[in-house]
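Peer 1: Just need the whole structure built from these sequences, with the hints factored in.
Chains as they are written, first to last, in my numbering: chain A, 4 to 369; chain B, 4 to 369; chain C, 4 to 369; chain D, 4 to 369.
Fair warning: there could be bad hints in the mix.
If chains are identical, the list can't say which one is meant, so a pair holds when it fits in one copy or spans any two.
Pairs of lysine to any residue, SDA-like flavour, derived with a Cα cap of 20 angstroms [said to hold, decoys possible]:
hint, residue 1, residue 2
1, Lys210, Asn327
2, Lys210, Met266
3, Lys210, Thr269
4, Lys210, Arg56
5, Lys210, Leu155
6, Lys210, Asp270
7, Lys210, Ala184
8, Lys210, Thr267
9, Lys210, Asp280
10, Lys210, Leu150
11, Lys210, Leu182
12, Lys210, Arg148
13, Lys210, Arg179
14, Lys210, Asp75
15, Lys210, Arg61
16, Lys210, Ser55
17, Lys210, Ala262
18, Lys210, Pro328
In short, the hints are calculated from the structure, not lab data.
There are 4 protein chains.
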Amino acid sequence: MASSFGRMLRVTTWGESHGAGVGVVVDGCPPRLPLDPAEVQRELDRRRPGQSRITTQRREADQVEILSGVVDGRTLGTPIAMMVRNADARSKDYGEMARAYRPSHADYTYDAKYGIRAVAGGGRASARETIGRVAAGAVARRVLRELVGAELELLAWVEAVADISAELDPARDHDRLTLAAVEANPVRCPDQATAERMYARIDAARKDGDSLGGVVCALARGVPPGLGEPVFDKLDADLAKAMLSLPAAKGFEVGSGFAGTRMTGTDHNDPFYPGEDGRIRTRSNHSGGIQGGISNGEDIVLRVAFKPTATILRPQETVDVDGNPTTLSPRGRHDPCVLPRAVPIVEAMMALVLADHLLRQRGQCG
Amino acid sequence: MASSFGRMLRVTTWGESHGAGVGVVVDGCPPRLPLDPAEVQRELDRRRPGQSRITTQRREADQVEILSGVVDGRTLGTPIAMMVRNADARSKDYGEMARAYRPSHADYTYDAKYGIRAVAGGGRASARETIGRVAAGAVARRVLRELVGAELELLAWVEAVADISAELDPARDHDRLTLAAVEANPVRCPDQATAERMYARIDAARKDGDSLGGVVCALARGVPPGLGEPVFDKLDADLAKAMLSLPAAKGFEVGSGFAGTRMTGTDHNDPFYPGEDGRIRTRSNHSGGIQGGISNGEDIVLRVAFKPTATILRPQETVDVDGNPTTLSPRGRHDPCVLPRAVPIVEAMMALVLADHLLRQRGQCG
Amino acid sequence: MASSFGRMLRVTTWGESHGAGVGVVVDGCPPRLPLDPAEVQRELDRRRPGQSRITTQRREADQVEILSGVVDGRTLGTPIAMMVRNADARSKDYGEMARAYRPSHADYTYDAKYGIRAVAGGGRASARETIGRVAAGAVARRVLRELVGAELELLAWVEAVADISAELDPARDHDRLTLAAVEANPVRCPDQATAERMYARIDAARKDGDSLGGVVCALARGVPPGLGEPVFDKLDADLAKAMLSLPAAKGFEVGSGFAGTRMTGTDHNDPFYPGEDGRIRTRSNHSGGIQGGISNGEDIVLRVAFKPTATILRPQETVDVDGNPTTLSPRGRHDPCVLPRAVPIVEAMMALVLADHLLRQRGQCG
Amino acid sequence: MASSFGRMLRVTTWGESHGAGVGVVVDGCPPRLPLDPAEVQRELDRRRPGQSRITTQRREADQVEILSGVVDGRTLGTPIAMMVRNADARSKDYGEMARAYRPSHADYTYDAKYGIRAVAGGGRASARETIGRVAAGAVARRVLRELVGAELELLAWVEAVADISAELDPARDHDRLTLAAVEANPVRCPDQATAERMYARIDAARKDGDSLGGVVCALARGVPPGLGEPVFDKLDADLAKAMLSLPAAKGFEVGSGFAGTRMTGTDHNDPFYPGEDGRIRTRSNHSGGIQGGISNGEDIVLRVAFKPTATILRPQETVDVDGNPTTLSPRGRHDPCVLPRAVPIVEAMMALVLADHLLRQRGQCG
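Peer 2: Here it is, written out as structure tokens:
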């Protein structure tokens, strides 16, 4: 089940970059929830290529078709199948790649694993696969909204591009961290001044045929306490898997992350106090909203590291499919930096993990 | 299945800190493999409490009993059940904890989730649960050794304690990174000079009633190319989940990790070249041995961030089970720094992920 | 995962009777297998409506589209998505059914479960769902053919319609039990004389607005010994689940089945003897090719009981959606007897179970 | 996961006939349920050997130890591990069996699958494995009692031994079908006169060194409508798998079963009518309480066919482990008829399936 994720809310994606299309089946969705194709399309539009000069110029409308599981705008409780047809599939761009392995792509490892691969556009390893995740994430958001309420808010943004970091603290900059602020610029960094510097840097890398990496920070507000399970299916463990399953992801942190390893226990522990509404709160949030693998009601805060895009438009040393040394000068369209488009994908994966654990919790504990 | 992990090689752990014992069932192990209880015990001895002044003084022999699945020293292919009885369970130490939630422990979240918890020793949230993982990891090591061979080597070590870091590069310090070097000191840092500084710092924290965090680095050499699956069950995604499921883990990196986000694609990409033995190799290893979620035959390199132990012997602000503010002064035995004992646990989780994917690969691709 | 089946070869079906279409995703298929859309279509054509006067007159070409997972006629190892668009969806026929629950259909239980249902054509409970199973079954057949060989043969046929039974013994009538004989008449009973009597009886029921049930017998020849697992995932247990998951199935037998309960152990036991080719054989086959849940190399023989179709064109006592008594006179197209079209579906499910266990066996035992 | 069953309430059994013991881990049990070891022991005592002259004379107290997951008589929500030590393990009785395959046992197929087997007592294929199922079933019963109520009643009994059948109709003989009536005789047939005939027949077979089969009928009253899922995880499909996973099971029926295949749709359909309490009821129950794979609130009725015990004390033709012909004269203790002891096991499996689906339904549909 390489292509399935989740236990109670279970998604299965399919499709290659240059095949008929890409899609997803979402099984286990609660029945009778309102689901408007427009809310799925809205999320897909956020990850769509061609949104600005700094994203790939592949032209795809990415129009979703809901094939099953919804009647008269309500979920049936049975599988929701969704599909996006591929349109702008220029397989001819990929002739050279059929012969040589692109460095730090999945070309070689797919061949090592399967002895066969869909060459064009990276096939199954293409970021187009994430269309299914984002469509499913829109369903998961709806599950969370209906079962928890509007107070549950998910938000991701670009925190860093290369060495340019936004000065934003999830704990303190509550008002600046809004969907509107994130969507206000093509970089999706809610600190507008920093966003401009990031944009310029990415655009320069693009012109240079090079690529950049960075960090996405994500936040879940209003998550009820009690989600996540002891031992293996800890909420943060499932979030880590969700994030590391994204193309180009190389790292994951929850709460204090790697920086927290340099603190003492005295400083790191989050003291409890009685909140105004009777809820138990913590004074700090080094835990990132998760303790012992279970949500404690504080904001869930996580970070995902994305490497610089492997596709660069420069000659590179590599080997061909017969193992002989060669030089590859890739063409084709690509993102010089995946970060801006990664934002809605990170949100989608967060939504899927939370909705799945919400249903699991309701099943076991009522 | 909060307490199960893996698909083909599947482990299920059970047990609480102060119950009858802790254990594990390993299902799906290939038949006819030699399995000596001594090799399981050897790994358990590495994670056993009381190994030095800087680990918890709880006295447990942690003697494993193999209850099923092995006859005459050979695996049967049927479930291998293993158990360790709890011995030194001083429940009286935990009276105060029944009343108040220890900060940054799982006390509150377990109550929020289940409405009940095993108070003594943290119950199911205790690190004693990892005994089952380590015992299962010994089986997984055996699977790897028999199916791949002795060239597959797993090694973890303490890379950092607080702000003290060892100068060890997995790519260059091949000869210094050996099991003997790791086991040569109680900190499990193979850089002996740094280990001494770490030891002193941990011991100082212990005397101070405080605690420290740090980073474990882990390495898998000789992993065949082709392990891991596209999309959700990427090898690094499953490793990330495995590591974040460990108590006190707050972050995970593979290959270049967060540092890699500040590189350009030109510098980050790992050029391919033809190796001496006909294998395809990479000149650098920013990928950490995994590309597109699938092993490429280079060393797998990962890092896990562990926060400072939540148990500290100092008065702390908290709330009681009724939500009233109170002060807690924990007693009981604890590790002032989990890092030294985390080393064999990280290795065990790595072994479980690799063995599981090895069997999956053999099943699908032959 | 109501809509998923299998562990290593995993299928997920989706779609309602009168939605956009029905489909399936097959994950875990070995790579590099030849897969021709025509071989999928051939199986779909066998289950297609309108094959004769005794099957439903719904007009559907049931043309399959392979959306992913296959390039240049070879499987990639990644998910194979397949879809059939619904064409002849006369939702207007179903107005009355929106108001009243059809007896012995799933109308009431879907409402009881979900509080909502897709009324037209029975929605998800329609036998159109089995299109996905048959398409996936064609993939599974290919897996078996490539990994085991042509000697592995699957065959199902109609053994009984109402009280008319064919005199065919899987053990003795080897030569009469061929695909050609099964396909030689619209009933799919390879005993042609009996088939004519069955046909007449079904046609009479059809004219009468009534329906009939019967028994499908199925056979797998050439299954290698060792497939199936001890305890819960016994080969016959998984076959039983596969068959009882079919619409209208009410019973399952393997080998001697219910009749075997009246034998003594002395008569029932299958004596072993050395076969000519060095294989261990049994003199009788009351076990039906499976002992202790694991195949023994003899023919696997099973039977599935199908009730008379619930749709009958006669007034019936029922209640409406408000719980008030009413009379329902269903219209719409239906099969007066599901048996002929059940034959390829039973074969498909058998193929899925065997292929899944073949991959599991290869994964664990090599 | 050969040895695991269920999705939300998940059981994993382990152990061989003559190893250290047998056991089970139950994961996913709701928290805070009362659970008394005595209620587990009571069910184990019903399946214990040596209850009468017609069951195996192996002497086992089968005393259960609850190792985890329960504190102060309440479930914690974490895994419940339970174990029974093997006591009377006479491995010397099994010397001959190490050399020759017992006909219709799992000896040969285990060797074919694994290339190794635990000879003594049939190893993992022994009916002692069902101890874990019965212990887990007691937990599942508790789940049903607490979440549904005492009106949910499970009852199984021996309906037939060889050709001796009890005249008991689940629909009409409500008052005669009680636990007390079932437990009133060692055969567990609530028709006492028939039970005596069955007893005599079994005892005669025992003296004769032969064995008998039969049919267990089982009933679940008070199951709420809505349990079970469309498509693959139909309630009856999961029950079929549960039952066929039992040693010696060869057939399964729900509701009208095979007999129903000879009825017309007009006679077989179950008309709906408004019940006295506002519930929707059916006038007949050919559906056996399940329609479209989902419970409809009527009694769930199923039957399981068990073959005559494969162990008989007579010389039998077989082959040795080298494939040479030989004659085997088994010794050792055995049940001349598994039916009486199968009754609590069938109940346990029914409880596990229902409890699992109850939690799944609560998770998805609230």
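Peer 1: Would you mind marking each hint as holding or not holding in the structure?
Peer 2: Do the hints match the structure? See the list:
Taking identical chains as interchangeable, the C-alpha atoms of Lys210 and Asn327 are never at most 20 angstroms apart, the minima being 30 angstroms within one chain and 60 angstroms between chains. When the C-alpha separation of Lys210 and Met266 is checked against a cutoff of 20 angstroms, the pair qualifies only between copies, where the shortest distance is 17 angstroms, while the shortest distance within a copy is 42 angstroms. In this assembly of identical chains, the alpha carbons of Lys210 and Thr269 lie at most 20 angstroms apart only when taken from different copies (14 angstroms versus 49 angstroms within one copy). Only within a single protomer do Lys210 and Arg56 lie at most 20 angstroms apart by alpha-carbon distance; the minimum there is 10 angstroms, versus 58 angstroms between protomers.
For a Cα distance limit of 20 angstroms, the shortest separation of Lys210 from Leu155 qualifies neither inside one copy, at 40 angstroms, nor across copies, at 43 angstroms. For the identical chains of this complex, Lys210 and Asp270 are inter-copy neighbours only, at 17 angstroms across copies versus 46 angstroms inside a copy, given an alpha-carbon limit of 20 angstroms. Neither within a single protomer nor between protomers do Lys210 and Ala184 lie at most 20 angstroms apart by alpha-carbon distance, with minima of 27 angstroms and 48 angstroms respectively. With identical chains, the CA atoms of Lys210 and Thr267 are at most 20 angstroms apart between copies only, with a shortest distance of 13 angstroms across copies and 45 angstroms within one.
Proximity of Lys210 to Asp280 under the C-alpha cut-off of 20 angstroms is found in neither arrangement, the shortest distances being 54 angstroms within a copy and 39 angstroms between copies. Taking CA atoms no more than 20 angstroms apart as the test, Lys210 paired with Leu150 passes in neither setting, with 47 angstroms inside one copy and 48 angstroms between copies. Taking the shortest Cα distances, Lys210 and Leu182 never come within 20 angstroms of each other, neither inside one copy (29 angstroms) nor across copies (48 angstroms). For a Cα distance limit of 20 angstroms, the shortest separation of Lys210 from Arg148 qualifies neither inside one copy, at 42 angstroms, nor across copies, at 49 angstroms.
In this homomeric assembly, Lys210 and Arg179 never come within 20 angstroms of each other (Cα to Cα): the closest approach is 31 angstroms inside a single copy and 43 angstroms across copies. For a Cα distance limit of 20 angstroms, the shortest separation of Lys210 from Asp75 qualifies neither inside one copy, at 48 angstroms, nor across copies, at 36 angstroms. Within a single copy, Lys210 and Arg61 get their C-alpha atoms as close as 17 angstroms, which meets the 20 angstroms cut-off; across copies the closest is 59 angstroms, which misses it. Taking the closest pair of Cα atoms, Lys210 and Ser55 come within 20 angstroms of each other only inside a single copy of the chain (14 angstroms); across copies the shortest separation is 58 angstroms, beyond that limit.
Proximity of Lys210 and Ala262 under a CA criterion of 20 angstroms is satisfied in neither setting, with 34 angstroms inside one chain copy and 24 angstroms between copies. In the homo-oligomer, the alpha carbons of Lys210 and Pro328 never lie at most 20 angstroms apart, since the shortest distance is 28 angstroms inside one protomer and 59 angstroms across protomers.
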